[in-house]
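Number of protein chains: 2
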Amino acid sequence: MRKEKDKIKIIPLGGIDEIGKNMTVIEYKDEIVVIDCGLKFPDDEMFGIDVVIPDITYLIKNKDKIKGFFITHGHEDHIGALPYILKQINVPVHATKLTLGLIKIKLKEHNLLDVVELVTVKPTDVIKFQRLSVEFIKVNHSIADATAIAIHTPLGAIVHTGDFKVDFTPVDGEVIDLQRFSELGRKGVLALMADSTNVERKGYTLSESTVGESFRKLFQGVEGRIIVATFASNIHRLQQIMEAGIAHGRKIAVSGRSMENIIPVASELGYLHVDESSMITVDQINKYPENQVLIITTGSQGEPMAALSRMAAGLHRKVQIKTGDTVVFSSSPIPGNEKSVFNTINQLYKLGANVIYESLAEVHVSGHACQEEIKLIHTLVRPKNFIPVHGESRHLREHADLAFNLGQDRNSIVIPENGDVIEVARDGIRKNGTVASGHVFIDGLGVGDVGKIVLRDRKLLSEDGIITVVVTMEKESGMVVSGPDIISRGFVYVKEAEVLMENARLVVREVLDECEEKRISDWNVLKTMIKDSLKSYLYSKTMRKPMILPIIMEV
Amino acid sequence: MRKEKDKIKIIPLGGIDEIGKNMTVIEYKDEIVVIDCGLKFPDDEMFGIDVVIPDITYLIKNKDKIKGFFITHGHEDHIGALPYILKQINVPVHATKLTLGLIKIKLKEHNLLDVVELVTVKPTDVIKFQRLSVEFIKVNHSIADATAIAIHTPLGAIVHTGDFKVDFTPVDGEVIDLQRFSELGRKGVLALMADSTNVERKGYTLSESTVGESFRKLFQGVEGRIIVATFASNIHRLQQIMEAGIAHGRKIAVSGRSMENIIPVASELGYLHVDESSMITVDQINKYPENQVLIITTGSQGEPMAALSRMAAGLHRKVQIKTGDTVVFSSSPIPGNEKSVFNTINQLYKLGANVIYESLAEVHVSGHACQEEIKLIHTLVRPKNFIPVHGESRHLREHADLAFNLGQDRNSIVIPENGDVIEVARDGIRKNGTVASGHVFIDGLGVGDVGKIVLRDRKLLSEDGIITVVVTMEKESGMVVSGPDIISRGFVYVKEAEVLMENARLVVREVLDECEEKRISDWNVLKTMIKDSLKSYLYSKTMRKPMILPIIMEV
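Order-wise, the sequence lines are chains A and B.
Residues 1 to 555 (the UniProt record's numbering) are what the first sequence spells out, left to right.
Residues 1 to 555 (the UniProt record's numbering) are what the second sequence spells out, left to right.
Among the hints, erroneous ones may be present.
Which copy is meant is left open, so a pair is good if it fits within one copy or across any two.
[Unchecked claim] With a Cα cut of at most 25 Å, we get these calculated DSS-like pairs of lysine-lysine:
(1) Lys97 <-> Lys535
(2) Lys67 <-> Lys350
(3) Lys541 <-> Lys452
(4) Lys531 <-> Lys108
(5) Lys322 <-> Lys67
(6) Lys535 <-> Lys545
(7) Lys187 <-> Lys106
(8) Lys251 <-> Lys459
(9) Lys318 <-> Lys217
(10) Lys106 <-> Lys541
(11) Lys459 <-> Lys531
(12) Lys65 <-> Lys128
Everything labelled a hint here was simulated from the structure, so no lab data went into it.
The task is simple: from the sequences and hints, build the whole structure.
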């Protein structure tokens, strides 16, 4: 009997052809480690959906092999699915201190805190299992305590960069561990998976510390209140905004739930240095002169319920925007959020605020590596095989081309799709089959109970509304006892369309007469006839196609 | 009796705090001229709406004063509302030849071609009325034959730039008439209204002719088919793409309805020079070697039904994308369209195409003036008063600041809102009241019959669907004869939620029992009770809030 070839399976269950719900399975014989466990926010077409998580059918099937989750950093698209997935697969979660701090906030909300084993690691730590061992490596990113992960296998190391940038002057002084990448490269890396987010951008991403400089200049001479919106999880950004505020004699108030959640955690764990004597609550802002107030807030993406959006809409209970206020967006709109961000900016302008955003000042830098940084990592790691990850198809293709231009053999590059089983052996890399993958929708308390049919109905309902037709029929005789009653929602404003609705009733009435005459007693036939006549009548009059729901009540 | 002060009213009915549905009323005594008559495409929140046009209540009230529509150029946001509005106010439409050509396509679709008086003008033409006269002035823009408009009044000239850029080397050699702007400025301009779209961008907009150069370089050495997506109305872009194609020995096919509509019109009117011997139909593309095929297509904004989107989705009947195809986006995503544009790009990549878009090559330039061009116009026109137009609030504010920095007195600048009545007199400018303004929704054949309530219902339906509860009651006794039947759409996938739906039925059943017992015979009370119990039951079980529609049938 021929011995099966020794190989490692790499299976991305999320994060491919999307920015979101990152999850990668690394499998060797009877051991599986899972990198990241993220969520994704819904697209416009995912009506009513709260969040999207990866399909973990494969993990459930292979439950016994799983050694744990290994989390690169604390962003939602890397940790957000944990509460949902740990309910199905309770395995240990390994991450650095701050990342675990953020995970704990989530687990607490889901009453999972005492149920799940959490393992704190630090960069350079190696967690050993039977055949696999998992090493955490320091990287820079737009959140503190971010790591890459190297998985050491009998066939060689698999390196996953996580989300990274190369910051030579990070705010906490902790530079990405280029030496370790270099050392791994020297020893030989079997495969590299690397962040593709900014592969379209030439040059280098600016250092986070340049933003601090911008803030210090920007705050100079501002007479009114300053309100800065940024991501709650960007601890170093918060640090720099606070320090610039304090340097200009301002007290600092914080608004927005995620920010109020994260600041104490980051502070307690030593990642954020909060000068308590400078902190005030939003209730206290009116006690200070306007040039002594700095408010740090959520809502930099124009999220409808976030604090800044409420301020802009005049709905914030504590902060009323007024002439003289300066509002700074220390952020860049995530693709898809442009309209809501600009909408918030417009509202703020209309309330008299001065608004400063990325296209007007240098108040934001990206957390992802641009081309030159990506080239640096490839050059240090010199992987035998390369798999671009964390990007849409266009990013992955660009990243593959970048690697090829650096000398990577085309045959050693695999552009993955979610669910692909990528086999890496000593002699090469190839795709071999797929496993279940895709979107699992979270809607309220439901996990996965909203599928294609429900979404299709929501889409139809959103376009032209619904018309319900109810008729009561006598079972025996097949005669109409009452109705037809027609009720519409989201179709036309009924008071303006009384004639239309009355005529629609007559159309149904005619169908019913016809059925009585022909003695049709199959209600499904009757329903179809009602649907068809009403549909064509309404389309001819309005060019709209509401959903039509005929209901027959038998007495 | 004191004589009323002599003044001109300027009333923007659209185009303010929005990019779209441009329309400005200029009124002096018993004369009104209306500049532009555009539509806007719906926002995400305008469920099911096809297009949005301005509220013209004020125009209808003052019908007899209106001398006509004066159209600056042929883009949808300047001409798109004409077919709807001319049905209500039939007044002459004045525009240059190409603009009228595009308007005629629309009027024909609406069977209005023989009903409306169309007046062809050319730049430098002046149309005289009793007290007002309207002058057309050549400008550059991303469509040929674009104009500014000067309205000469007894109090001085009002200059409206329309959409403009300053192109010293336009494709047709027709440079913006800077001399005329200068001359008007020298004589004295009472008020300037100017395009604010690109006021956030520093420097100058590149000349349209630079794009031709990019195409010639880009097409060099491409082996496969080339597919270029751009706006159908950008005639000069089409011209340059065609010429670059022909220069590289390619035949040209055109795909997409608006492109097929516009090309013959532009060609017939002499704005586009089509080399008939190079033109083929999309049916013929497979008869030519791949390196001799160029397809020009619509869909550069990722519009779901456009030709390129269908190609990307594998749904185009004639063009199947394959490895070796090069697809060029000669466009920039309009804010809000980023996701659909990138989605199309990703799909094309997945089909094996090489995709070139703005962030990778210089294949597009804007049609709107950047800061230095805007400063040039202000400096030439030196208006007494200034009104920034054609932009969101943030653009208007920036534009006001730009004018102020050029020396314009703050008191002479008015940042308008739609519906504001701006009075300009010899001694100053001020807002004095408002008229009706806002969105009129077009949905199918309905103009304005969809309002806030219908939209709110569509939004609710889109989020959590609908639950219909039907009960047949005996009128006399108030007893249940049949039901309750519960039917849901867009709420849960019923097969997965049988227990939930059965329990929901029991909840309603209990309410009915209670009502029978208490002999409640007011159906509205009963309906409210059903709604409330079901709502709280479903929320407790699912955290969703479907619309609940109780229907009582009486027998």
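Hints, verified against the model:
{"no.": "1", "hint": "Lys97 <-> Lys535", "in the structure": "neither (60 Å within a copy, 42 Å between copies)"}
{"no.": "2", "hint": "Lys67 <-> Lys350", "in the structure": "neither (55 Å within a copy, 34 Å between copies)"}
{"no.": "3", "hint": "Lys541 <-> Lys452", "in the structure": "between (30 Å within a copy, 21 Å between copies)"}
{"no.": "4", "hint": "Lys531 <-> Lys108", "in the structure": "neither (49 Å within a copy, 33 Å between copies)"}
{"no.": "5", "hint": "Lys322 <-> Lys67", "in the structure": "neither (55 Å within a copy, 42 Å between copies)"}
{"no.": "6", "hint": "Lys535 <-> Lys545", "in the structure": "within (7 Å within a copy, 28 Å between copies)"}
{"no.": "7", "hint": "Lys187 <-> Lys106", "in the structure": "neither (39 Å within a copy, 69 Å between copies)"}
{"no.": "8", "hint": "Lys251 <-> Lys459", "in the structure": "neither (47 Å within a copy, 41 Å between copies)"}
{"no.": "9", "hint": "Lys318 <-> Lys217", "in the structure": "neither (28 Å within a copy, 58 Å between copies)"}
{"no.": "10", "hint": "Lys106 <-> Lys541", "in the structure": "between (52 Å within a copy, 21 Å between copies)"}
{"no.": "11", "hint": "Lys459 <-> Lys531", "in the structure": "both (19 Å within a copy, 24 Å between copies)"}
{"no.": "12", "hint": "Lys65 <-> Lys128", "in the structure": "within (14 Å within a copy, 86 Å between copies)"}
Of the numbered hints given earlier, the model fails hints 1, 2, 4, 5, 7, 8 and 9; all others are met.
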